[in-house]
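Take these sequences, add in the hints, and give me the full structure.
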Amino acid sequence: MFYREAGQFKTSYQDDQAIFPILQDKVAVLALVAFAYVIPFFANEYWLQAILIQFLVFALAAIGLNLLMGYAGQVSLGTGAFMAVGGYACYKLTTNIEGMNVIVAILLSGGITAAVGILFGLPSLRIKGFYLAVATLAAQFFILWLFNKVGWFVNDNPSGTVTAPPREVFGVLVSGAQATPEARYWTCLTFLVIFAWIATNLVRGRIGRSWMAIRDMDIAAEIIGIRPLRTKLTAFAISSFYCGVAGALMVFCWLGSVETEAFDLFNVSFPVLFMIIIGGLGSIGGSILGAAFIVLMPIFLVNFPPMIGIDIATDFQKHIEEIIFGALIIFFLIVEPEGFARLWQILREKLRTWPFPY
Amino acid sequence: MEFLHAIFVAPFVDMWTDPFFLAELILVGLSTGVMYSLVALGFVLIFKASGMFNFAQGAMVLFAALTLVGLMEKGAPVWLALIVTMGVMVALSFAVERCMLRYLVNQEGLILFMATIGLNFVLEGAGQLMWGSDVKRLDIGIPDRPMDILDGKILLNTFDVTAAVIGAILVISLAVFFQKTAMGRALRAVADDHQAALSVGIPLKTIWITVWTIAGIVALVAGIVWGSKSGVQFSLALIALKALPVLILGGFTSVPGAIIGGLIIGVGEKVAEGYWGPAFGGAIENWFAYILALAFLVFRPQGLFGEKIIERV
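Note that the protein sequences, when read in sequence, are chains D and C. When we follow this note's numbering, the leftmost residue of the first sequence carries the number 1, and every step to the right adds one. When we follow this note's numbering, the leftmost residue of the second sequence carries the number 1001, and every step to the right adds one.
Hints are computed from structural coordinates only; laboratory data are not their basis. Every clue listed holds true.
Residues on chain D that point at chain C, a partial pick, calculated with CB under 10 angstroms:
id, residue
1, R126
2, L137
3, K318
4, I329
5, P337
Here are the computed lysine-lysine pairs in the PhoX-like style, where the Cα-Cα straight-line distance is at most 25 angstroms:
id, chain 1, residue 1, chain 2, residue 2
6, D, K128, C, K1048
7, C, K1136, C, K1074
8, C, K1205, C, K1180
9, D, K26, D, K350
10, C, K1048, C, K1205
11, C, K1074, C, K1229
12, D, K128, C, K1308
13, C, K1136, D, K318
14, D, K10, D, K26
Heads up, the beta-carbon is just placed ideally off N, CA and C, and yes, glycines get one too.
Written as structure tokens, this is what we have:
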């Protein structure tokens, strides 16, 4: 009744090409973004600090990985390493260059990560599928080892940690321990909104279409004139750029100070992979939903048993949490292998005809 | 200059002047390689029969070892504990087929892979929930003494030799099983072509249960060997990550590939750590295997013994 496109006529080519051609979609998304911006006024610090900022950072990384895996079809398990490159590059840029604007530094570190991504994407021209997935693990282990071993990356800090220095944007502290959670939240949110918008446009354009052609069948794509070298490497570059920005935000706006541990395979690479699988491969909105799900689920699993009055010893709880997490993943894959994006599509179809389905 | 010297000159000079050290490294590498192969074998078996990249193999190793140790701590004799653990692994493969594989027929490889990562979490959690997460010693009587070869110029452990023998026995019995028994032939048929196998009346579900059982028993053997060497603990599950480069080096679909890949990785890793490790500041074995495998892959994208990838448009 409320959600249908009947009567919304497109009178110009531009209207037809809008990101959200249906008015209701546009209003809903704008309302959601506006709501996200006012959340800090009534959310408490714990929620902002521990959950929402984490969600924003991972959502950005998930969009990055989804561009690579969902659109270009190149499986990567090296997300953690690319995020680490972003975080460490941003740290080096802000601490070693006097007067560097932190926003510029974050974008530059995305660029540096893109270069690293191209380097580790080179084997993708020869190697495909699971062989490539395992090959990207080389990036994961090598890069983290490098950051651990070479003191230059952490400014020869003996403890091996990088700590985000306090930096201001327009006179407001946005990074470091003194910055308010609100400022950090807004920074991350702005990055996420802008980059999600860019990604949505990228995948509708020439680049995105050539990625999808490569994903669906690379030999056929090559025959119709898409250059595999350029297409695959742009996919790696842009995906790594997103991961690098997410990594920089992770260090500067979320954690404040990190060791390489934080970018571990099991802390970052696999969770981000889960996000895009559960959210839906080849869907920007799906990546964001998936990130929300994977970030919220462990928190829910920790808080739910005490809420209904069950007290479990903490070491038990950790293992039970693991079991439930794994079981839920399997359950989701069985029920809806195409993820939240598909569920959303079904819901939309239902909504269009509701309440008169005939 | 010094760095380049340490990489390109010094190691080879050392190899020339002290060949016994090199020989020792190679022998140690071979025995480690056999242990990697044991883990990689489990991966290959499942990949061949169901096209599933089973990330949970490492967790299965941990689960089997934890069950064995737990039973032995409860006072069960070794033989009984072994039999019960095998029973548990069989039950596990039934459960996996019943609750997971059955519903995931015809899904993409990536979805199956993610499902096994889920299974990985479940098994790790379940194993540690039942038997606790502290380090346990596993001792089922494998002798562990140093032994001298060539008048003490090369040092080896009887343990490593025993592990190599166990690995060899396992591989030979698997080869016999695959080549000579009816079930083995059925397995190979399924590996070749699911649909063709189904159409001549091979029951796919039975095959899957069998394969997962065999992979479970291989995991048990790997768990025993690794567990007696380094204690049974959570990190045992991480040897799956050590087995992955072995897999891509040997090829996902080849049993001999898993063995030879394991040996190459084992030797390469030990020699690199022994000669080049100091120049890089140590601990290079974490990624060296991956880089080595990657270098091989650039020349042979399907691994050393993998089936040639033929693509049609």
